[in-house]
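K.L.:
If you read the sequences in order, they're chains B and P. Numbering-wise (our numbering), the first sequence opens with residue 1 and increments by one. Numbering-wise (our numbering), the second sequence opens with residue 1001 and increments by one.
The reader is advised that the hints may include incorrect statements.
Unchecked claim - Listed below are the simulated DSS-like cross-link pairs for lysine-lysine, each with C-alpha atoms no more than 25 Å apart in a straight line: (1) P/Lys-1263 - B/Lys-67; (2) B/Lys-82 - P/Lys-1150; (3) B/Lys-31 - B/Lys-67; (4) P/Lys-1208 - P/Lys-1263; (5) P/Lys-1042 - P/Lys-1263; (6) B/Lys-31 - B/Lys-21.
To be verified - Pulled from the structure, derived: some chain B residues nowhere near chain P, Cβ distances all over 12 Å: (7) Pro-60; (8) Glu-62; (9) Glu-63; (10) Thr-84.
Source of the hints: derived by calculation from the structure; they are not laboratory data. Just so you know, these numbers come straight off a predicted model, no measurement behind them. Yeah, the Cβ is synthetic: ideal placement off N, Cα and C, and Gly gets one too.
Listed below, chain by chain, are the residues.
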Amino acid sequence: MTEENIEDRLKRMIASRLFLKIAPEAIEDNKSLMDDYGVDSVSLLELVVGIEEEFGIVIPDEEFSIKHFATVAALAAFVGSKMTAE
Amino acid sequence: MSMEQSVLIPRGRDTLSGMLYRPEGEIRCGMVMCNPLFEERKSSHRIMVDAARAFAANGCAVLRFDYCGCGDSTGDFKDFSCPDWREDITHAARFMTGQIGLNRLGLLGLRLGASLAFEAAQMIESLEFTVLWEPIIHGRRHFDYELRRKLVREMVTFGQSRVTRATLLKDLEDGRPIDLDGYAVNSRLFHDITTIDLIKAAAQRPRKVLLVHIAPSGAGPRELSALKEASLDGGAHIDLISAEEDPFWNLVGLVECPSLIDKTKAWINLLTSNT
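Excised from the complex, chain B in its bound form:
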């Protein structure tokens, strides 16, 4: 699976699971999830749970770092690396 696929899946999840009033394709890869799309701490946890379910990975507590969740591009790279590792 390519990172591009991961990004599309992430965008779909972000739009639906976080109740954003925005189409998945309108989410830009490098825009801030928090500053530009209003994702807050509650939404971020929904995102963590959603990613674990969707991609079958576990995000350990030690890796709760904002750099992984800053943008769709960063998140896709992080998810891709976890999938490769597992």
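Please build the complex by placing chain P on the supplied structure of chain B, with the hints as guidance.
P.N.:
Only chain P this time, still in chain B's reference frame:
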């Protein structure tokens, strides 16, 4: 329209603070609303008030109240736990029965408040029905979720979570309270929440139950279906419905839940007009 009156309910050395919503015309039933805990209590306040007013306008007298150590009721949060709050519900129910002069009483709970209501139901003899809005079925899973929420908050504030669930659980194990949403959770409360298991409890619980799944998609999760099955096995009359609403207990700002309130009202109407 309804009359709204602030009330104080004696409860041993403590006093429960509440708000009573009395219908203008005939009272068809009474209902005690059981709040969720922690941050969810604050986020859900507006919807609980909206719901109380809507039910009262529909002929159902409603009591909203704060548990001991919460909101405007007396006591310190750290001194109370789930058994105390279940006891609070029974005091509120007794008070409500006296106020409306009817034995036709129900409980309505949200999230952990629904779990407490489900467990308290068997302690209230005159109880006719229980409404559970998105109850916490497994306390252990819920507490784990709350711990992760704390980690995410730290991540947002500090860039990186400074603790792990393992260190937080170790603190509780060693008798050190941990902070959740500004509430000091001690090992007793941790134990009482994590031992909540509504599936196990279902066999001995209330007979008439409305179980409401609240989510934008409207799809019922397996957990609530499992609770329904377990309750049916125990001989209960239980209805499971979905209300397509946002999870208002997690949201900040103005939220409305017309579908949730209307569907609940319709179920109560049907119940109280059939018997």
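K.L.:
Give a verdict on every hint.
P.N.:
Now the hints, each set against the structure:
1. P/Lys-1263 - B/Lys-67: Distance ~43 Å between P/Lys-1263 and B/Lys-67 Cα, so the pair is violated.
2. B/Lys-82 - P/Lys-1150: holds (23 Å)
3. B/Lys-31 - B/Lys-67: holds (13 Å)
4. P/Lys-1208 - P/Lys-1263: With a Cα-Cα distance of about 16 Å, the restraint between P/Lys-1208 and P/Lys-1263 holds, given a limit of 25 Å.
5. P/Lys-1042 - P/Lys-1263: holds (23 Å)
6. B/Lys-31 - B/Lys-21: Given pair B/Lys-31, B/Lys-21 holds - Cα atoms ~16 Å apart, limit 25 Å.
7. Pro-60: Label violated. Min Cβ-Cβ 8 Å, cutoff 12 Å.
8. Glu-62: violated (6 Å)
9. Glu-63: violated (9 Å)
10. Thr-84: holds (22 Å)
Taken one by one, the earlier hints fail for this structure at numbers 1, 7, 8, 9, listed in ascending order.
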